[in-house]
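Using the supplied hints, reconstruct the complex from the two chains, each of which is provided in its own coordinate frame.
Protein sequence lines, in the order shown, are assigned to chains F and R.
Our numbering puts the first residue of the first sequence at 51, with every later residue one more than the last.
Our numbering puts the first residue of the second sequence at 15, with every later residue one more than the last.
FYI, nobody ran anything at the bench for these hints, they're computed from the structure.
We put the beta carbon where it would ideally sit given N, CA and C, even for glycine.
Wrong hints could be hidden among the right ones.
Unchecked claim - Here are some chain R residues pointing at chain F (derived, C-beta under 8 Å):
id: 1; residue: S154
id: 2; residue: L162
id: 3; residue: V163
id: 4; residue: I165
id: 5; residue: I167
id: 6; residue: L243
id: 7; residue: L251
id: 8; residue: L270
id: 9; residue: P277
id: 10; residue: M280
id: 11; residue: G284
id: 12; residue: L287
id: 13; residue: F288
id: 14; residue: V291
id: 15; residue: N295
Said to hold, decoys possible - In silico contact screen, one side only, chain F against chain R (beta carbon under 10 Å); selected entries:
id: 16; residue: L62
id: 17; residue: I64
id: 18; residue: T65
id: 19; residue: L68
id: 20; residue: L71
id: 21; residue: L72
id: 22; residue: L188
id: 23; residue: L201
id: 24; residue: I330
Unchecked claim - Label pairs and their in silico Cβ distance ranges:
id: 25; chain 1: R; residue 1: Y196; chain 2: F; residue 2: P221; range: 48 to 58 Å
id: 26; chain 1: F; residue 1: P166; chain 2: R; residue 2: S213; range: 51 to 61 Å
id: 27; chain 1: F; residue 1: T296; chain 2: R; residue 2: E197; range: 40 to 50 Å
id: 28; chain 1: F; residue 1: P166; chain 2: R; residue 2: F52; range: 33 to 43 Å
id: 29; chain 1: F; residue 1: R176; chain 2: R; residue 2: R31; range: 25 to 35 Å
id: 30; chain 1: F; residue 1: K209; chain 2: R; residue 2: Y196; range: 46 to 56 Å
id: 31; chain 1: R; residue 1: S213; chain 2: F; residue 2: Q284; range: 41 to 51 Å
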Amino acid sequence: MIRYSLRRLILLVITLWLLSLLLFSLNYWYPGDPLTNMSGITANNTIAYQQAELARGFDHGLLSQYVHFLEHLIHGDWGISLVTEQPVFDEIKPLMGATLELGLLAMALALFLGIPLGVYAAIQQRGLLDRVIMGLSLSAYSIPVFWLAQLFILLFALKLNWSPISGQINPLYAINVQTGSVLVDILISDSPYKTAAFYNALHHLWVPVVVLAIMPLTMLIRIMRNSVLDVLQQNYIKAARARGLTDRHIMFRHTLPNALQPIVRQLGLQFSVLMTNIIITEVIFNWPGVGSWLVKSIYERDFPVIQAGLLVLASLILMVNVFVDVVHAWRYPQIRKEIDAE
Amino acid sequence: MPSKSIYYQYREPSPLRLLWLHMNANPFAVVAFYIFSFLILLMVLSPVIAPYSPDAQFSGAISQPPAWHELGQIQYLFGTDDLGRDLLSRVLAGSVYSLGYPLLATTVAALIGISIGAWAGMSHGVQSSTLNHLLDVVLSIPSLLLALVIIAILGPALHNIMIAITLVLIPQFIHSVHNAFYEERTKDYVAASRLNGCSRWYILTRVIFPNITTVVVMQVTFALSTAILDIAALGFLGLGVQAPAPEWGTMLARSLDQVYLAPWTMILPGVALFLTVLSINVLGDSLRAAIQERVRGT
Chain F
51 MIRYSLRRLI LLVITLWLLS LLLFSLNYWY PGDPLTNMSG ITANNTIAYQ
101 QAELARGFDH GLLSQYVHFL EHLIHGDWGI SLVTEQPVFD EIKPLMGATL
151 ELGLLAMALA LFLGIPLGVY AAIQQRGLLD RVIMGLSLSA YSIPVFWLAQ
201 LFILLFALKL NWSPISGQIN PLYAINVQTG SVLVDILISD SPYKTAAFYN
251 ALHHLWVPVV VLAIMPLTML IRIMRNSVLD VLQQNYIKAA RARGLTDRHI
301 MFRHTLPNAL QPIVRQLGLQ FSVLMTNIII TEVIFNWPGV GSWLVKSIYE
351 RDFPVIQAGL LVLASLILMV NVFVDVVHAW RYPQIRKEID AE
Chain R
15 MPSKSIYYQY REPSPLRLLW LHMNANPFAV VAFYIFSFLI LLMVLSPVIA
65 PYSPDAQFSG AISQPPAWHE LGQIQYLFGT DDLGRDLLSR VLAGSVYSLG
115 YPLLATTVAA LIGISIGAWA GMSHGVQSST LNHLLDVVLS IPSLLLALVI
165 IAILGPALHN IMIAITLVLI PQFIHSVHNA FYEERTKDYV AASRLNGCSR
215 WYILTRVIFP NITTVVVMQV TFALSTAILD IAALGFLGLG VQAPAPEWGT
265 MLARSLDQVY LAPWTMILPG VALFLTVLSI NVLGDSLRAA IQERVRGT
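One chain only, chain R, in its complex shape (with noise of 0.2 Å):
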């Protein structure tokens, strides 16, 4: 059978497949990426590999320690808190909130914006230099802040916090996407297209995005982070998810009264948000070092 690739064939890697042979070069995001892909994994499964359901209480076991504590039981792996329910459930379960609603805020935050601001970045003259401007302000304003307002609006509920969250990241993907839509504009292959005769929805699906879709996925990585720390901060003022469900940032404001009793219930969760965010930490700062490469390799 003959091969393929007879003759030598240069091929220029696609912008997102040269990032990702950039990215494979840094041992950190790769470890990042796959820590990430786990706690995916993880949120997935949880229904299935907790060893309890989060709400489950059992009261021969209030504040019980860790295994590895001479007090400890095995079969609360890593303790119990004050109502005896298990602590490593409630984190894999929790996950859903934490990680999981994030998640799909900053998907529908992302179609939003990119939308808008793709719309923005092809209009001319005062009104995307306005919106620009307006946005530049906005931005300065904590998200938290934001949402902590819309919160005092809608009332503190789940669905509540998921559209306080979604509003406040749309304003950050518009920015971005606006500019880098801006500064792809004036470019000679833009041009080209143009007189070519392409229409306006070919340029900015076919021509423009392909060439942007970096900056939107490093968007992507920080509204993300943004948006897990928000929940949880929400959740740890109790002004996000009620009580009796498994957020991380509501267990968090839990232990804190817990923290002379039963020190461990706050580490679980803390340790579960930290890992989360820096390996999505990681990933945004190699995939920004690999953008800088990318241009400076052009």
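Next up, chain F with everything else stripped away, as it sits in the complex (with noise of 0.2 Å):
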């Protein structure tokens, strides 16, 4: 166990290093100047931008330029926005939370409902309800966000009216950013209006969440049903039935761990295709979320923006995949003898 987690963190280490070439030669990539793009500074402004060239190494060669690039992302010194002029990584906190609230809240939903259904569908295999659900999934599955997003906005804001088209909450609450996660700000500020604030960043929120959630929810519900159907005909649930156990004990004792084996393989990749999705509902949605501001950076060509965006992005998704991962590799040990073997 120990001899995988330090290789596939020595992996994690080796992309985020690749990573960050990645990012370092983008600089020279764009157009423009490779430090403007880099520190946002732009050589109108002469004496910060002669400071920034001897403080990022630009009088010497390729290699004392990358290495003082990696110092400055490492201390959190991501240079300032070209259009705001703030620092990034100052503005990128907020965003973050906000994206992280979206993802984390659309996934639980996810695994909250698709579980419980894909067991379902398993035990009525070929009934009725089983293929119900396993078309509107095949369905669900390819219906591109976008749309799905506005059949939601013209179904339930525009037509229903049960909540509004877009934002996080009525600015009205005056809620101050701190976290970034709306539901966290108002939970640790002290506005006198905090469960009236609540309900209305609620209100807010579930549309967004649900369009998220339905992607993850219809592969999960189909990789559930398949690995249910799939361990049902091992030996060992033949072994406990003969046993006479109950159907009950067997689903929840011998069935479901084993079943829930694919589900947490498939996690990484849901999250992936989460955050693809994030990006993009968003914008729709114009949450002040770092999709949405990594969208907005490309318009506008704001190099030091779209560097920090791809970072934050690309590097938690590399993260969670190799947490998921280890943990998979931890919880399923015939995985881990898997690998080793070859």
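Shown next as structure tokens:
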């Protein structure tokens, strides 16, 4: 186990290093001056530009530039935005909170509904509900997320008037942004209308969360159904049945723990899919997160921001994937054997 | 005239033919196949069958509802958008951007990716295991994010999107082809051909490749649906095909502002996109099932 974890960690470090190399070279591939792209300081600001030139090793060769780039990256000095002229690192923290809130809630919803529905479909195999669930999940998997979001806005916000069209919370509540995650911000704020603000935030939150949850949900249902069906054919289930255990006992003690294995393995991939959808969904719902910030920065050709957005999203995805791999190998030793044996 | 098949001769169907037989047994796959072929046909014929030019504006019919609405007119079957352009013609013309260009990108990516994957699959040792690990990691980063970065470098334009999507799809092909080769390489029939003294090129093209066609076909369907969704998503974000072109994602982005006044402008491009991706996904899904069945059958 230790050997496996170490291998994954070393791979993670190597990949993050490659990511840093990519980010560094992007500064030279983007149009314009590499130093401006890296630090956000334009040549008009002569004194600051000269200082940045020295601080980032631009008087020496590429190698020293890369070393200084890495140093700045690790110290959290990610340059300033070309548009707002604010430090990128400070800007990204609340945005990250908002994105994570959306992502985690959607993932939680998908897991919460997907596993029971998958098990249910498997028990009812080839029954009416199984067909309905599987058909719906295949078509839901093919709906582009931006169209789904539009349909939801059309239905829930315009026709039924159940929720606002976009945004995080009604600005009248004047909640200070601290973590970026609006629910947490309300809880730690000293606003006199906490409960009302909380309900208002939930009112804004549920449509994007449902839109985001549908894609991973459908995948989880399909994987769970197939995996339960696989497990139910194993000999140990037959043995358990032969011992006279109840259906309930077999399901919860023998089938489910084993059937969850492919789900755990898929979580990393599902997280990547979710992050793609978050980028688009945030733009549609005007959610102040990393995704909409990244897309806006591409319109504005704000290179320090593009770089930071890419770094944060890519490293988040990489770390979640390695984490899921390690947890998977820790919980399911038979996988470890397969990996070590090769 | 004597019948040609006097003697009973059992012919083992080729892997691809076997797959086709399995697919034919699944009604959903057959329907998806027909829908997909129909869409391709529409795309090829779109310049001929579209009633109007996609850019023609009718100043007398701005934001006209579909024909079955009481305000609708039959000459604009699915209505017109806020600039008075016929939606049906635009969706038909848009299929070239939203289906034709992804097909092109997938083909190019498949050619490059399969060659590299095959080369890596035939090489031994550290080289290929490093490649495998690296690709594992690169593939966990979403293709849209990578495409966004490439667009940030090149700038939004049709040919840049094509470059970005092709580049993003290549690693997927390398990965799956490499893995398939790696699995087949150690099997007995390959060892037998090697002992017979076949050249590497012969083993690659005539011995192993026919046995991994199924994997390649499946990967192509997967890459195609990714390419369609990514090109539409980029168009939707305003970073892809630029505005007057009738690309489905761009049309949806425009309809987002019109959703109060003309909700029908978002239905048709969305349905087109959904049907295309659904038919490809069902095809891919039943291919996967058929491959599993074939593997189990042998």
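Here is what the structure says about each hint:
no.	hint	verdict
1	S154	5 Å, holds
2	L162	6 Å, holds
3	V163	6 Å, holds
4	I165	7 Å, holds
5	I167	5 Å, holds
6	L243	6 Å, holds
7	L251	5 Å, holds
8	L270	6 Å, holds
9	P277	6 Å, holds
10	M280	5 Å, holds
11	G284	4 Å, holds
12	L287	6 Å, holds
13	F288	6 Å, holds
14	V291	4 Å, holds
15	N295	5 Å, holds
16	L62	8 Å, holds
17	I64	8 Å, holds
18	T65	5 Å, holds
19	L68	8 Å, holds
20	L71	13 Å, violated
21	L72	8 Å, holds
22	L188	7 Å, holds
23	L201	7 Å, holds
24	I330	6 Å, holds
25	Y196(R) with P221(F): 48 to 58 Å	57 Å, holds
26	P166(F) with S213(R): 51 to 61 Å	56 Å, holds
27	T296(F) with E197(R): 40 to 50 Å	41 Å, holds
28	P166(F) with F52(R): 33 to 43 Å	38 Å, holds
29	R176(F) with R31(R): 25 to 35 Å	28 Å, holds
30	K209(F) with Y196(R): 46 to 56 Å	53 Å, holds
31	S213(R) with Q284(F): 41 to 51 Å	45 Å, holds
Consistency with the previously given hints fails for number 20 only.
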